[in-house]
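A.B. asks: With the hints as constraints, model all of the structure from the sequences given.
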Amino acid sequence: MKRGKWYLALAAVLLVSLGAMAQQVTIAVVWSGNELDVFKKVIDAFEQESGITVNIDEVGRDLPTVLPVRVAAGNPPDVAALPNPGQMKTFALQDALVPLDDLSNLADSAPAFVDLGKVTVNDEEHVYGIFLGADMKSLVWYDPQNFEAKGYEVPTSWPGLMALSQQMVANGDTPWTIGLESGAASGWPGTDWIEDIMLRTAGPDVYDQWVDHEISWTSPAVKTAFQYFGQIALNPEMVYGGPTGELTTNFGDAPNALFTKPPEAYMLKQATFIQSFIRDQNPGVEPLTDYNVFLFPPIQPQWGNPVLGAGDLVGVFNDTPEAKALANYLASAEAQAIWCGELGKIAVNTKVDPSIYPDPITAKAADIVQSADVFRFDASDLMPAAVGSGTFWSGILDYINGIPLDTVLENIEQSAVAAYAQQ
Amino acid sequence: MRTRRITPWLFAGPALFLLALFLVYPSIETIRVSFYNWNSTTYVGFQNYISAFTEPSMVNVFRNNAIWVFVFTLFTVSLGLILAVLLDRVRYEKIAKSFIFIPMAISMVGASTIWKFVYAYKPPSAPQIGLLNAFVVALGGQPVGWLIESPWVNNLSLIAVGVWLWTGFCMVLLSAALKNIPKQLMEAARIDGANEWQVFRKVTLPLLWPTVAVVMTTMVVFVLKIFDIVYVMTNGNYGTEVIANLMYKQQFTFQNYGLAAALAVVLLLLVVPMMVLNIRRFRRQEEIR
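Just so you know, the sequences run in chain order C and Y.
Mapping to this note's numbering: the first sequence position 170 is 170, numbers consecutive.
Mapping to this note's numbering: the second sequence position 57 is 480, numbers consecutive.
Accuracy of the hints is not assured; some may be wrong.
Said to hold, decoys possible - Straight-line C-alpha distance at most 30 Å; calculated DSS-like pairs for lysine-lysine:
| no. | chain 1 | residue 1 | chain 2 | residue 2 |
| --- | --- | --- | --- | --- |
| 1 | C | K261 | Y | K539 |
| 2 | Y | K545 | C | K261 |
| 3 | C | K324 | C | K118 |
| 4 | C | K150 | Y | K545 |
| 5 | Y | K545 | Y | K625 |
Simulated from the structure, these hints should not be mistaken for lab results.
C.D. replies: Set out below in structure tokens:
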């Protein structure tokens, strides 16, 4: 009798686990800390609604390295937060990604972002990535109270911005705080500077050519963009801590310089997502009163004020109903209300109620992004990994560390020639 | 009688099979892949090797590995030797040796993370959270970007971490060899009027030399492959790149299998002379026995 019961119990366990396995999906993510906590809330909501169990694989900042290895080994996660559209394109061309054109929530997504998730494979264009949320990058953060105390005014042009910086230096203040450190990804904030400057000095068409490597890294347009950045970043009086400070300050710690008493710096150029870092590390600060943003100003008047942005891209590797259900949920207004609402990101699903934005700053940024004439995606995310996640980042670090600009650009160009040939 | 001839093969067989599977086959495959392009679809001959040797950034990489080989080996072996000889004469020898050996118990990644904090830099007006910069500022100086300033400050800072980790290893081996030298030899030298330095130079060192040679070659072979310390502390930025880290980046981040394999083969070729020396010495020792 005992023996019989034992076998029954075993069979029951097997059936239950088989059943559980059937309704499971794994998702590999790059997020950690605050962002991961919010993502878990999104997943909890999905699990409750659908009854599917989700296993979150917290890979961390090494995801761009780990994911290709798993794909090559034939063991990819069901779903993954793709590091950038460049890598999405590589995976799509390898036939590793599942087309997502049939997801119902795509119909509600902002067209610009749906297009960014498309790749042409074998002459057929399909959507391979969906955006969970977007960031706007062309912003400068400042403390309005500090500005008022010293009589500084928000600039509306590049000469105005430089004049303001000069004014601050003359007063004995340090205008800028820049943080380039980010572990294996160090250097990426500098690439945002270069991209915004490129859009404003060379225009969106040259920007696109730069992304596709139709112009060389040593061309005057690129060199000029770096030189504009150098005017600020290489000048020890302009940046808190000077070049060494920039190289050793983590991007998430850089905003803290704005809130010390007395302030160590007055301006930080950074994307919308930095808000969650600001609020996390400086408890009690309020948007609009303690911190606000102004648009990174135009440089060449004819290019106006283009918007540079990026987003959190998700792709599906294994064609299972659970994986697609998860992807569809992440594209829904419900998921994005949680993700964007708590992190101050911009929702890609147009049905998201603007009131979910935690603050007027994000709402303002969302409005700008969704109605921009000229919107461009972060270039380093679109380029092949060897450049966009490699030599471009280390090029920024080398430039700030004193290596001559021509050498830096030649290095990047050499790696670009090899990298683009792989596509 | 027949079983006698097969038996050695039966004993060594499984080990040989594993060696073939995990060492020989991958080595041959790597050498093959190094002659192909980034995803191993087109044969490109020596193109990867030419890139590896002529790209301007590669000069820095080889320079850094050379600095590691010379400085790391010099310091670990000589410090290990000095410590072995000096500690031999004191009563607290065991405790001191334990302290010096303890860093070997930490993983390289753990040690690198610890030292990253020791080397941390904050702008001069802010309080220094890095131990080293806190000392420097307390003594009246300006904080230094230990991991940023290239090419000497940051490379030497990284090597210091390696030396901290591995001196204990050298010291322990050399100490064991030292204790094997009959005390009468050194006493005889002292009776003959030699001072301590002469005893060391003329008696101790020559007798220790075989062990010193083994330790040195072991350290050189080890340091040519250095990866963890560089990867965790600077990821090869600021002119600290080394061959193993670059190979890792090319293989996994940039997916350029051909170039990564070429770098691996270059590393193998650099290590081969050391291995030949080791094997020769081993053979000579076997002959003496």
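A.B. asks: Each hint should be assessed against the structure and marked as holding or not.
C.D. replies: Results for each hint:
no.	hint	verdict
1	C:K261 <-> Y:K539	holds (28 Å)
2	Y:K545 <-> C:K261	holds (17 Å)
3	C:K324 <-> C:K118	holds (17 Å)
4	C:K150 <-> Y:K545	holds (26 Å)
5	Y:K545 <-> Y:K625	violated (50 Å)
Hint violations for this structure: number 5 only, all remaining hints satisfied.
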